[in-house]
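Using the hints provided, position chain B relative to the given structure of chain A.
Okay, here's what each chain looks like letter by letter:
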Amino acid sequence: MSEKKIQHICLISPKRTIWSRTDQIKKTLEERSKLLKAWHSPSLSILTIIGLTPSNIKVTYIDEDLEEIDFHVKYDIVGISAMTQQVNRGYEIANSFRLKGIYVVMGGIHASVLPDEALEYVDTVIVGEAENLWPQFIEDFKNNIEKRIYKKLEGTFVDLTKSPVPGYDFLRNKNYFKDPKFFYNMIPVQVSRGCPHNCEFCLVTKCYGSKFRKKTIDQVKVEINKIKECCPGKIIMFADDNLFIDRKYAKELLTILKELRIRWVAQSDISIGEHDDLLKLAYESGGLFLLIGFESINPENLKTINKNSWKYRQLANYSANIERIQKNGIIVFGSFMFGLDNDDNNVFNDVVEFMNNNNITGQLTISTPLPGSVLIERLKLENRLIEKEPFWDKCTFFDALYRPKKMTVDELEKGFIWAYKEIFNEKSFTKRAQYLKSMYKKIQ
Amino acid sequence: MTKNKMANNKDIIDILSKITRIDSSGITYDTLIFEELGIDSLMAIEILARVEKQFDILIEESLMIDISTVGDFVQTIEEKINMGN
Numbered sequence: 002m003s004e005k006k007i008q009h010i011c012l013i014s015p016k017r018t019i020w021s022r023t024d025q026i027k028k029t030l031e032e033r034s035k036l037l038k039a040w041h042s043p044s045l046s047i048l049t050i051i052g053l054t055p056s057n058i059k060v061t062y063i064d065e066d067l068e069e070i071d072f073h074v075k076y077d078i079v080g081i082s083a084m085t086q087q088v089n090r091g092y093e094i095a096n097s098f099r100l101k102g103i104y105v106v107m108g109g110i111h112a113s114v115l116p117d118e119a120l121e122y123v124d125t126v127i128v129g130e131a132e133n134l135w136p137q138f139i140e141d142f143k144n145n146i147e148k149r150i151y152k153k154l155e156g157t158f159v160d161l162t163k164s165p166v167p168g169y170d171f172l173r174n175k176n177y178f179k180d181p182k183f184f185y186n187m188i189p190v191q192v193s194r195g196c197p198h199n200c201e202f203c204l205v206t207k208c209y210g211s212k213f214r215k216k217t218i219d220q221v222k223v224e225i226n227k228i229k230e231c232c233p234g235k236i237i238m239f240a241d242d243n244l245f246i247d248r249k250y251a252k253e254l255l256t257i258l259k260e261l262r263i264r265w266v267a268q269s270d271i272s273i274g275e276h277d278d279l280l281k282l283a284y285e286s287g288g289l290f291l292l293i294g295f296e297s298i299n300p301e302n303l304k305t306i307n308k309n310s311w312k313y314r315q316l317a318n319y320s321a322n323i324e325r326i327q328k329n330g331i332i333v334f335g336s337f338m339f340g341l342d343n344d345d346n347n348v349f350n351d352v353v354e355f356m357n358n359n360n361i362t363g364q365l366t367i368s369t370p371l372p373g374s375v376l377i378e379r380l381k382l383e384n385r386l387i388e389k390e391p392f393w394d395k396c397t398f399f400d401a402l403y404r405p406k407k408m409t410v411d412e413l414e415k416g417f418i419w420a421y422k423e424i425f426n427e428k429s430f431t432k433r434a435q436y437l438k439s440m441y442k443k444i445q
Numbered sequence: 520m521t522k523n524k525m526a527n528n529k530d531i532i533d534i535l536s537k538i539t540r541i542d543s544s545g546i547t548y549d550t551l552i553f554e555e556l557g558i559d560s561l562m563a564i565e566i567l568a569r570v571e572k573q574f575d576i577l578i579e580e581s582l583m584i585d586i587s588t589v590g591d592f593v594q595t596i597e598e599k600i601n602m603g604n
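Protein chains in written order, with this note's numbering: chain A, 2 to 445; chain B, 520 to 604.
One chain only, chain A, in its complex shape (with noise of 0.2 Å):
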């Protein structure tokens, strides 16, 4: 049989709902965001997956948040990276391409941890990490052996050291940027791989895996050169799970930063707080925020949230660590979740208390089962669920999608609206920008 061939492939990033489904906490979350505008940023999974497709063939990439998909365009191939809250979109525009004779394959965390699933609505599941399986997928289409799954062996991961840069010469292509509503105002990087924590909650590492791979400092130099080149003026988004758990790469990472004269904001643990050198140099290299998973105030909470109890035995150091990364001028945007199953009616008040004693922003979300996650088949065994699954669309980290232990599905819902309005208050962010002013004008 004669070799196909491929002339133009189209990549779709489904829509999102930004926020919630749950019309009143919607209602709250929006009349909030011009305190908290939400972060646009392109799919670095769908970038990667145009790095390593070969030149010679046309790539188009949708972001339906941004641009309607046009389905009458003949493409040989479809390609749709989703998340679980964008998965149900994603099989919608699958069944609509297939119904005219085009070949879909999906990609991305969700179809990863439920390929059988994906397969019901699509040619071909690429399972997990796409380095090596998008070119082995794209040979065997183009001789006619494409496979239904494509996954790695078992235990193995990819080497980073030789991934490619991502196609963020793409983005030169899309004028998004002046889009008063939505523009891509971060450019993600991922430098690493892994996490050894293996929260209950998080897909991290079942999809990563606990070993913690990196990029050479080299490579990582090369694409933010690029993203200067292609989108100057674009904060840097390190889309690690936790930039800093190699410290000295860490110090060697940043050492290059502070070369390139860029912003950037990453996701780290709360231990950073613990290395003044590091947070001197994160400061001077750019950085602007770093987003913390405290999860829980609640030592119970914590104590359960990992094997290993390891965000417990940070919390007696949460706050002098809190304050030391500001005082070094970085800001702390923390990450707690609601509903967990120590949280009683208490948990708001005492959230955003410690949020504001700390003066600290950040994302406040309901605690979420997503498919894969340890929490999920726990509350299955518990018959904690409210809908049976699959609620995929309604995996917003902003819906109450199970009960509660120590209170009500109404109480949450209530409670979340009423820290959420704590929060982001004028009063409440002038309070923040006035100790946060103070801690700049003493170290510029």
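All clues stand as given, with none of them false.
Calculated from the model, a selection of chain A residues having no Cβ within reach of chain B, i.e. all distances over 12 Å: (1) L45; (2) S56; (3) G102; (4) K152; (5) E155; (6) R173; (7) H276; (8) S320; (9) A321; (10) E324; (11) F355; (12) L371; (13) V375.
Estimated spans, in silico, between C-beta atoms of each pair: (14) B/D585 <-> A/K442: 22 to 30 Å; (15) A/R248 <-> B/K572: 28 to 36 Å; (16) B/D591 <-> A/D219: 40 to 48 Å.
Rough simulated footprint, nothing fancy, chain A against chain B, three-plus residues with beta-carbon under 8 Å: (17) 550 to 560; (18) 564 to 573.
Bear in mind the hints are in silico, worked out from the structure with no lab data behind them.
Every residue, glycine too, gets a C-beta built ideally from N, C-alpha and C.
Below, chain B without anything else, positioned relative to chain A:
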């Protein structure tokens, strides 16, 4: 003349350039603060701290919320400075 009376547009744009790490030649009055310079409410705090310190004035923290262009920002700061705060 007091310290704050000596400010000019260039000083303010230089501050924006220093904080955003975007060359001042790429910043014009029409440049969009949030969309093009990436200045959100968090980076705005750092900018206001520097403006306050350099020009010896005080600025309400909520000022950035309704500002959309560099021109709006420069004008607002100049008004503050000329009013002697």
